[in-house]
Amino acid sequence: MLQGLIYALISACSFASMAILVKFGYHAGMDGAEMMSYRFTYAAMLLFIVLLIKDRSLLRISPKRLLGCLFLGLVIYWLQTTCFVRALATIPASTTALVLYVHPVVVTLMSAVIFKMKIDRVVALSLALVISGCCLVFYDAFLKSVDATGLLYATGAMIFFSIYLVLVQVQVISKGLKPLTATFYVMLFASVAFNITAAIEGAPLAWLWPNADTFLIGFALGVFPGVIAVAFLYLAIEKIGSAYTCIFSSIEPVITLAAAALFLGENIVLLQIGGAALIVVGIVIPNLRALAMKRQLEP
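Under this note's numbering, the residue at position 16 of the sequence shown is numbered 426, and the numbers go up by one with no gaps.
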């Protein structure tokens, strides 16, 4: 259990570093598309090497599933990540991360419509807690007069991320595609999308000739919220299962808030802390219930 917990926390910390690293990138004079071309290109290269060493069969994929990954990476992930980095250009990392973490509400509602998922009292309580946390976050943003365009981009990132998760359920999980295989090809196609975008915006293949600062930031984006986050997520699931992993990983927005205060000097107020706490509790409750039900069914 302890090993799985450590893996889940490493994954959560790695995912949480995304907003902080993007802020550093902006301070270094990079733009969003340029940073993401670094991130996805380096991540795809590193994942390719990992899969080549670990198990070459994970690189095999049928044309139909490859097409699904192409759509996820080239369109949905591009939209989600573009909205996320543009939000970070004008609003605090803490606010952006908390808005993104409202996605469980949207995913649940979409699952109820698409997969006919039943919304019982536990799920309803979870939704109420996450929505309450969201209200505190948006109220805090209103009090601080946070840029409305940035909030709109953050909301767009949350919505597209929710769509991405639902499509992963349809395109990957339901069709038995290995998660690492899907991750590699989605990242590969996302790298294509962002390299095209960066070229249009005047930074073609910038990752080929970076300076010291842009290389360090770009490589860190590829390694931490890319390879390490994904690899340790799957290691955690392998050790302790998806329910425990989700519970432990829900600390991610809290880590982002702490890192934003520590590394970026952002002022974290009580409303944000309260919003983060409600969001985390809202995520943990249904997973604890699912875990308890699973134990009851075990002989």
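There's no promise every hint is true.
List of simulated lysine-lysine pairs, BS3-like, C-alpha gap at most 25 Å [said to hold, decoys possible]:
#, residue 1, residue 2
1, K464, K554
2, K464, K649
3, K464, K588
4, K588, K474
Note that these hints are calculated values from the structure, not bench results.
Hint check results:
For the hint linking K464 to K554, the alpha-carbon distance of about 48 Å lies beyond 25 Å, and the restraint is violated. Note on K464 and K649: the hinted pairing holds, with a Cα-Cα distance of about 18 Å set against a maximum of 25 Å. Restraint check for K464 and K588: satisfied, since their Cα atoms lie roughly 14 Å apart, inside the 25 Å limit. As the CA atoms of K588 and K474 are separated by approximately 14 Å, the hinted pair is consistent with the 25 Å bound.
Against the hints set out earlier in the document, a violation occurs for number 1 only.
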